[in-house]
Amino acid sequence: MRPRTLVALAALPLVALGLFVVLPVAGMVGRGFAPDGDLDVAGVLEVLGRPRVHRVLWFTVWSAGLATIGTVLAGLPVAFVLYRLRFRGRELLRAFVLMPFVMPTVVVGVAFRTLLVPSGPLGALQLDGTPTAIIAAMVFFNLAVVVRTVGSLWAGLDRRREEAAAALGASPLQVLRTVTLPALTPGIVSAASVVFLFCATSFGVVLTLGGLRYATVETEIYLLTTQLLDLQAAAALSLLQIVVVAALLYAAQRTRASREQPLDRAAERDATRRPRRRDLVVVAVTGLVLALVAAPLLTLVLRSLRVGSTWGLGHYRDLFTTGEGGALLVPVTTALANSWRVAVDATLLAMLLGVLVAVVVSRRPKARAERRALSVLDSVFMLPLGVSAVTIGFGFLVTLDRPPLDLRSSPVLVPIAQAMVALPLVVRTLVPVLRSVEPRQRQAAASLGASPVRVALTVDLPVVWRPLLAATGFAFAVSLGEFGATSFLSRPDRPTLPVVIYQLVSRPGETNFGMALAASVVLGLVTVAVMAAVERLRLGSVGAF
Amino acid sequence: MHARRALTTAPLTLSLAVCLAATAACSVGGGTTEQATGPDGATKTVVVATHDSWAMSKKVLRQFTAETGYTVKVEPNGDAGQLTNKLVLTQGSPIADMAYGIDNTFASRAVDEGVLADYSPADLPASASSYALPDTVEAQQLTPVDYGDVCVNVDDTWFAKHGVTPPKTLDDLTNPAYKGLFVTPGASSSSPGLAFLLATVAKYGDAWPTYWKKLMANDTLITSGWSDAYEVDFTAGGGGGDRPIVLSYASSPPFTIPKGASRPTTSALLDTCFRQVEYAGLLKGAKNPKGAQAFIDFMEQKSFQEALPDNMYVFPVDQDAALPTDWAKFAKVAPKPFTVPPADIAKNRDTWLREWSDVTTR
Amino acid sequence: MLTVRDLTVRFDGRDRPPAVDDVSLDLPAGEVLAVLGPSGCGKSTLLRAVAGLESLDAGSVAYDGQDLAAVPTHRRGFALMFQDGQLFPHQSVAGNVGYPLRLRRRPRAEVARRVEELLELVGLPGLGERSTTHLSGGERQRVALARALAVSPRLLLLDEPLSALDRGLRERLALDLRDILVAAGTTALLVTHDQEEAFAVADRMALMRAGRLVQAGTIDEVWRTPADAEAARFLGYATVLEGDAAQRVLRAGGATQGTEGPVAVRRSALRQSRDGRLHGRVTAARITPETVRLTVDVDGIGELPAVADLPGTGRPAVSVGEDVTLVVDLTRTARLGRSGQVGGST
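Residue numbers (this note's numbering), protein chains in the order written: chain A, 161 to 705; chain B, 24 to 385; chain C, -11 to 334.
Source of the hints: derived by calculation from the structure; they are not laboratory data.
For every residue, glycine included, the Cβ atom is placed at its ideal position computed from N, Cα and C.
Please note: incorrect hints may appear among the correct ones.
[Said to hold, decoys possible] Partial list, computed: chain A residues near chain C (C-beta under 7 Å):
no.	residue
1	Ala176
2	Gly178
3	Ala327
4	Ala330
5	Ser331
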């Protein structure tokens, strides 16, 4: 593909990123740097020198780092079992793993604490209010990222390479270390960097489970912006966040670039197999991980069924109402419909932009400068994950406030914002796979008279097909569960489900709280249903392969 | 050959189907953003920026439209702090015509930053003046609408069952008899939490950090939000928690009346309360100042005032407004709530919160 | 010595035919056995079952008398080489070849020496530092072979090792493979669909069809007496004649007795010659580097493949429409089903 074509393809996503991420962030940071219209760099530097800022930064990095390691360690066995073994109910489990990803942090925080408080079922562990609880919750939320990213790569990995190693005398562990993990490294690094960004910028979890004792850069920005109106400090921290994120992305990019290569893909082979006895350990570990994921969810379900001192579906029936004392402007069911529509829009947008970015970024130009440019581009599109939702949300208010971009009160902002959050996930899912397509196959197709579109359809699509569906499902799930940016942007008469859940939780009344739990369960079930449908579709198409 | 064909068409068909379904469902872009305008071309919509706790019955709002011809469009913007900060950030290009929900802890910031225009309704209820802001400039811009008392609540059933006398005052909370029984949302992340901090500031003056040290020594639990404290840790909150003393509202007890019973199982300690007053004000640069003024006037009328308790769990500033039966019986108002002058709050908030974080963070 | 007894592997339910159905075979140490069969016949599954990569539904695999049921793949002391090599792309050529040695924690110097030796053996000296992604197909297979031989496996399993290569390369590499295996004294089980690969490399041969072993024996045995018409065609016989046609061809070759029963005929069994005893008319002729390939409509039999000498000085090329006579070379024909059939497999 010619450089000019690449630039044209990248233009749309770049404009979107510029308008909806860079501009708002620049607006907020600009206000912080020039509080009274004059540039005041010294003030910003002073903020960065505060011991509290150092503490906060350090906690952010180590908690997110540990959570990332934990998520990868917990996610790999699950990815193996769900994507390499063949058994009944596999699709359902794959969909189930995604459930935590969309659960509202507020509600999961409550569910976690219900388990962990001294009087709760896991009270004996004495984890309430500890960093361990925060990290566990981060793992809980992000497990799906690792399982799905690594899983879809793993599913396409030719089993025979591992078999060759085993036949040469490598024990299962040695095969894993010397053959499988190196092949999975691009996917793992991809997933890990996404998880790290999610952890480093999560604030609902930290606030709820940390009991204010632990502050991260994100919670600090939140407090500084929404409570103290200390824009200077907030700007300093936002900038710090961006620098840290950029450094991380650069490192991840380097690791990935050195590891990616065309894979011998088992396109015509089914890489899965029946479980064997020696899979017992990994299956057991997976069972344990899934049980730990299920525990908070189960708590949620149980509490949603608890009406007063009896059991029943009362809270679910209440979802057709606006809550006790008219807590909401619209019934929860309407919010669910809104969420659905917004998610469809956001998914379409995220996929459109994501595919464009992935196609551009996955090329391997000969010229060094071009390669550099592409890798920078690649990282740039990860930024939305690493930038504070608070900063972006407030940034929208201060920058998109006059024609021709008076979008502040426009309903299109919600799907756009969600698409920007989903975009990095889409890109990260697609790029490793697209990169692994042997370029000569594209050349062969082109030489046979295929137009570039035709090449994409006949060479890339068959390979990317699975990850494409995975990414679509992922984008959909992200959109369904997105709360941070949405809470700043959603229209009061058209709230999404997580926004409504948040409103319910913050109102007094047992009914409202019960409805919040019931609505969370519904949100989770809808996600599982959508994901299971995606998995089914995928299987149907595999039959034609 | 057939297999290859299937290979490429299956995804295509599906993408097509998804696109179609999506376009059919895609309706977010269009819709109700157009503003209703009257025959004279003037806008007939009043945009109200509020906090997320806004709730008002449709009947009352329809009455406003019937009386004035204006329709109300509500824009919730987070909690009182976020609301105020958003108004500050967007001044010059305001997001609404008027604001409701700025409370006495944020009033000074809103006024100082100059986001509000002068307006005060001509006929305020007599009792409203006692809730007005002390500063005259501030009082001209912000009209009191309602108030709520943030008080320590206790689970009477728990205390009766354990044969312990419930606490009564702030001092009691540091008594070893109540060790590990109190849970409160944090001041830096929750508006009732901040109110409680201000209550202790009002009570103990500069010595408030000493009180908080004692509270922490008595194993007080701090959560991030009110719902977390009430729904998870409070024994009467439905979450099966293990702390029978919680920071909540004076209006909370009526919600704990069991089905079929006539009395709540919890009560508010009226000597521990901080009063939050919520105000309405006209925004500088409003597109529809006339409509906004009409709505501020309307908020002071009986129909709106009497609807406040059931919709937003707050007390009307008009003492002649009738209260719901349960409220009249069980939701008591603190006779002498703690107060801190809004100007002092504006001046010291950052310092207090930072000190508070230092004391409560181990 | 590898001993496979009554081996059965199923992929689908009980009602579907197994992928490998009740197969028994023996492979003495130092010999090379080729399992020959069309794709989908179950030969790769058999190989994988021997390697321990498929679980057995019935039967047993033993080596030197030791049953391998409880021995996992990596402890069997075998090595496996796939059609496409399955080199590890993240390692260099030397990294790949030295892989099994490093697994066994051999000293670094020894690994380096042995890698160089092996690369020499497979004809790629000095290529150790190359990245595997820049190798040609033949080089890849040589590297894969070197890797498989690195620790002198007691049994080498080869899954279509040469099928992905082009013809010339395949022939060369097949001979090299034979030499290397003989030189190393390796016992090897080779599965392939290409009879030439089997002939070039193996000592013994087993024919497999639809999961079953049809015939087994030395190359010579199987070659001389294919079990049935299908086996014959798979072994490269051009056609199988029955009844009167078979008898006429055999008699034309000088056979006097035992001329009943079907006979498999190679293309080169019928040669155009002035003193031939079969008469016919040429319907197609095509020159190849070795010979002229003919199709001759033989009187009373129909079209048969045949060959003619290449045109030379004073000898004109045979052309279409010409009447010719053909001699029959009986050594290039085979009588079907006389011996070597696997008992109990029909």
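Against the structure, the hints:
1. Ala176: Interface hint status for Ala176 of chain A: violated (35 Å vs cutoff 7 Å).
2. Gly178: 37 Å, violated
3. Ala327: 3 Å, holds
4. Ala330: The hint holds - Ala330 of chain A has a Cβ within 7 Å of chain C, the shortest such distance being about 5 Å.
5. Ser331: 5 Å, holds
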